[in-house]
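Colleague: Take a look at the letters that make up each chain.
Protein chains: 2
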Amino acid sequence: MLAKELIGVCAGILTASSLVPQFIKSLKEKKVDGVTPFLFIVLLAGNGLWMYYGILLKDIPIIATNSFSIIMDVAMLILKFRYRKK
Amino acid sequence: MLAKELIGVCAGILTASSLVPQFIKSLKEKKVDGVTPFLFIVLLAGNGLWMYYGILLKDIPIIATNSFSIIMDVAMLILKFRYRKK
Chain R
1 MLAKELIGVC AGILTASSLV PQFIKSLKEK KVDGVTPFLF IVLLAGNGLW MYYGILLKDI
61 PIIATNSFSI IMDVAMLILK FRYRKK
Chain L
1 MLAKELIGVC AGILTASSLV PQFIKSLKEK KVDGVTPFLF IVLLAGNGLW MYYGILLKDI
61 PIIATNSFSI IMDVAMLILK FRYRKK
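The listed protein sequences correspond, in order, to chains R and L.
Numbering of the first sequence is given in the working numbering, commencing with residue 1 and proceeding in unit increments.
Numbering of the second sequence is given in the working numbering, commencing with residue 1 and proceeding in unit increments.
Any given hint could be a false lead.
Identical chains blur together in the list; that is why a pair holds if it fits in one copy or across any two.
[Stated by the list, open to error] Dumping the calculated EDC-like pairs for lysine to aspartate or glutamate here, alpha-carbon to alpha-carbon at most 20 angstroms: (1) K31 - D59; (2) K85 - E29; (3) K30 - E5; (4) K4 - D33; (5) K30 - D59; (6) K25 - D59; (7) K80 - D59; (8) K4 - E29; (9) K4 - D59; (10) K85 - E5; (11) K80 - D33; (12) K28 - D59.
Since the hints were made in silico from the structure, they are not lab data.
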């Protein structure tokens, strides 16, 4: 792996891993407050476009990071609806 | 601007703009809860590496997006310490 790619992969691991604590917290507390579904949809669109951009550039770090981010966005959206106040 | 770059810029605007609501909310409510300083430092490191990666690739969308993200991370860290419970 090129040094450049290694930097991209490390960057991706750091930024992607920062999504995990909030997900675990929401799972434990069975609530997703402080963030609107709209925000997750904006993030989903952004990460989706970044993934497409990564595919155009054939750039593994960008594709891998944003695939993981998309999974986290969808998971948070599911929790948001599952734990919404009825 | 190449179509590819336009996609990257749009992706960047979407993901970067998703940071703004939380910042405004923290400013209004004068508190930054649910996120640890450690998380912002991880994000700062990740965005810093992404920016370095963008510089290596000479990739404007990656550089621009992560510069904005770094500013937001630092701003949130400042709010986190300013509004911490004494």
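Colleague: Which numbered hints turn out to be false for this structure?
Modeller: Of the numbered hints given earlier, those the structure breaks are 1, 3, 4, 5, 6, 7, 8, 10, 12, listed in rising order.
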